[in-house]
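As a plain string of letters, each chain reads:
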Amino acid sequence: MVSKDELKKLAGLARVELPDSEIDSFRKDIESVLDYVRQIQEVAVGDISEQPQGVYGLMKNRMRTDENPHPGGEFSEEILNQAPQKEGRHFRVKKIL
Amino acid sequence: MSINLEKLTITSAHRHLSNGDFSVEELVGACFKNIEDKNPKLNAFLEVFGDWKEEVKKAQKLFNEGGATELTGIPLAIKDNILIKGKIASAGSKILENYRAVYDATAIAKLKKHQSIFIGRSNMDEFAMGSSTENSAYGPSKNPIDPERVPGGSSGGSAVAVSMGGALASLGSETGGSVRQPAAFCGLLGLKPTYGRISRYGLIALGSSLDQIGPFAKSVADLEIVFNAIKGEDSFDATTLSEPGGLVLPKKLVVGIPRDLLSNPGINQEVIENFEKSVEKLTDLGFEIRDISLPNAAHSLAVYYIIMPAEVSSNLARFDGVRYGFHKTGDDLIDEYVKTRSSGFGREPRRRIILGTYVLSTGYYDAFYNKANLMRNLIIADFEKVFESGVHLVATPTTPTEAFKLGEKANDPLAMYMSDLLTAPANVAGIPAISIPSGFSKNNLPLGLQFIAPAFREDVLFSASRKFLDE
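So the protein sequences, as listed, match chains A and B. Mind the numbering: the first sequence is residues 1 to 97 in our numbering, read in order. Mind the numbering: the second sequence is residues 1 to 471 in our numbering, read in order.
If you're looking for bench data, these hints aren't it; they were derived computationally from the structure. A couple of the hints might just be wrong.
[Claimed, not checked] Straight-line alpha carbon distances no greater than 20 Å define the calculated EDC-like cross-link-like pairs of lysine to aspartate or glutamate that follow:
(1) B:K112 to B:E47
(2) B:K110 to B:E55
(3) A:K9 to B:D335
(4) B:K252 to B:E280
(5) B:K58 to B:D104
(6) A:K4 to A:E22
(7) B:K85 to A:D47
(8) A:K60 to B:D237
(9) A:K86 to B:D332
(10) B:K87 to A:E77
(11) B:K87 to B:E55
(12) A:K94 to B:D331
[Claimed, not checked] Covered stretches of chain A, as calculated for chain B (at least 3 residues, CB under 8 Å):
(13) 25-37
(14) 40-50
(15) 77-85
[As the list claims (entries may be wrong)] With the C-beta cut set under 10 Å, the calculated list includes, among others, these residues of chain B facing chain A:
(16) R100
(17) A298
(18) A367
(19) N373
(20) E384
Every residue, glycine too, gets a C-beta built ideally from N, C-alpha and C.
Isolated chain B (complex conformation):
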């Protein structure tokens, strides 16, 4: 049978593979054909892996002889900051251009157990710093729906890979919206799990109190399959948490609408109109809608742009040209560090390193970094208060605008940062959130609806999303 990759989900591919309608090799071959046709224009993949034939054989064997899971033989794209042993992981940066991972990230090791097929590594903003992939050292990815527009970022390549039919699902990473925003811009679903639910072992760090690996997919079921496969406590990541038992899905879901957050003039009117339609649909579907207030959540982006650069300045200190990565010779050891880092890092990492060094320096530490941490606690308290009052989910649009044009915000970092306005609160609070397709703008570009849930309640996100998408 012919394989329509733009529509094919993991669940239906698994059915077809189980029935023998097509083989793993045919499925993977169809992805490669699509990549060959579309990647030169869209730049979703930085590298397509060449050693897939053996892996495909192993996967097919599981179908033929038993033992195949829903993820067996499923082609996946992996963001360039997640380590696969023996493969380059450059984090979209020149400083790691030739770096080959010496171990598997835990998420990768878990997927290998299912014998999923890693198609290639997907493009991203350098060190995941950006909202458009325009900060990649290897050129931007383009939005498959309108190649003059950005796919979003920082996990833009992972979104394009799925949207263009180069993989059935993908892994990205989130720090302030880097999965949900590109999912919204490319018409996909994207999940930012609870902080601590997925091991970051083998994820190249950006902001360690914020980072989480998250999947992209075309259906709620697919997203849930990938999430379930990679979640869990890990002795290699001390920030992973065990799951609380006995969580029961509420019969009738109460959705809170944070009117104060939505009054921000940076949110496009068309986006608000689309969101109000989604709220009407939720009402029709039997959800209870309540207006709520998250008085401090509006400051999330400001808190985020203090904490994240502070953590960046610390995390990126490891790139010194001594142990791995790019090296540039200098007059003495310090000069080598400076030359290596100045040539290896692009403009955005250097900007954030300096900004982070500033907010952590004597005289500014209390006013910026300490204050931001206190504000973070206020934001967490805001959400807890709302959830304790009987609200199960908070809903907002995912992004303030539709996918913007390449170059539109490239020279104005603050304008670019505003893309995270509605996604950053969940990262700052450490709670899970999902973006699901909610229709189209007048320019026929996809828009996203975001649900935010209490810690560990990904099940509530999936349940509400299923109802909304009639899945």
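Extracted from the complex, chain A is given alone in its bound form:
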């Protein structure tokens, strides 16, 4: 069973809040899913490869030559228009240090 403290810690790591009013119901939901997925721990996998199989085995990194860059700032305004807070050509965040 996942403890309340463990759940709070995970939520903290994932940067989401888990208010006390929700913690019991979240614990119940998550435990029921974990209970179900634990079935895979009973299965013996034998000597199956750890490498990606099927179509996943066909995937490769694709490199391109680093050349012909688009003109600097070409997309900046459009992208910055979606930012909740901006200043000039920068995203604005609370001070870090």
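Assemble the complex: chain A is given as a structure, and chain B must be docked to it using the hints.
Frame of chain A; chain B shown alone:
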């Protein structure tokens, strides 16, 4: 002529548009009329686009002056997680409520070349997490056949849009069954292509090793037209794959029935009976039927509910309220992340983010995430063994039940997750699958038959479906 949108297919609409029986404007206008009448009740569309007049003119011009393709002027609904430049793409979430796409998804760019008409963006479970659209931050969609029931999910809005005559076809996205299941519940056809066949550039990510864009339509021909238009390698998505050449369609198709998978008590008896009738029909049509075994496929759903949340916890980390989307002020930067994400995400994304963080955390990583990846390889091997033995297709029902009632499973996540029982294996294995209508339940609700094929063999899915539907 009058336009009957509930029956009209892309192919017949194209014929009528070519013959001048009706104009693109009349066709699109008929869709809007239907949406105006039905959407307030069914909630298929989150937004109907207002700038269609110019697009309609351009499409009509192609008919008048030459250059029209089968998709020109065809009204399409687009799932709310696929980017259309300048339009909102909210992924059914409050955190992206006002987010406007700054570029076109590759699938959209390809459809624009045909001058298809994008009618609007269709409702979905938040970030495609769900099997009923009840997790949408904008209220559930309703099943047009029985509005007390769900249309399925997560691409429920895209299914309802076509089923109610608001579009002739639509795009959805699949991670564990999110096109096939709503297609089955709404009496449509839905395709989950081979992983890598359609670019995900511009698709808001859920589980990146599973996600694929897939179409909904009313006929095999229509499904194939949309699929052919959007498939292909894309330099913007490194997971896209080139098509192998020289694929030949077998003369006599051998269909495997995975009896072990079908013995799950979660599958409704009525669904099994409907499926057995479909198998009889396949026999009558000249298919060879073989009982097969996929010993590990029964664990697909468990594997899926480890890998998917793990990928969710990583993919959804980008929503931090800094670069785009919803932002909530906090005491410091970390507090802003937490407040933004806690108010912006609904319950299901938060649940899956925490679950994903759990299965990836020290002490559990090997037992859950690593083991799930090994199991995934076993499931892929199961399918490969069956296909190498001469079986061309695996058939199952699409869903374990008929469309369920709104609210029936909303408070029991595991019960909701079981909806993906028969669809998840194809996603986990990265292979293509289709759902086609196979009749009705006693409640007169549509049921679906699923075919699963080896990688890249969508042609076999289409061929078998044509025969089954006598198309």
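Going through the hints against the structure:
no.	hint	verdict
1	B:K112 to B:E47	holds, 19 Å
2	B:K110 to B:E55	holds, 15 Å
3	A:K9 to B:D335	holds, 15 Å
4	B:K252 to B:E280	holds, 16 Å
5	B:K58 to B:D104	holds, 19 Å
6	A:K4 to A:E22	holds, 11 Å
7	B:K85 to A:D47	violated, 48 Å
8	A:K60 to B:D237	holds, 11 Å
9	A:K86 to B:D332	holds, 17 Å
10	B:K87 to A:E77	holds, 16 Å
11	B:K87 to B:E55	holds, 15 Å
12	A:K94 to B:D331	holds, 9 Å
13	25-37	holds (count 8)
14	40-50	holds (count 7)
15	77-85	holds (count 7)
16	R100	holds, 7 Å
17	A298	holds, 9 Å
18	A367	holds, 6 Å
19	N373	holds, 8 Å
20	E384	holds, 7 Å
Violated hint: 7 only; the structure is consistent with all others.
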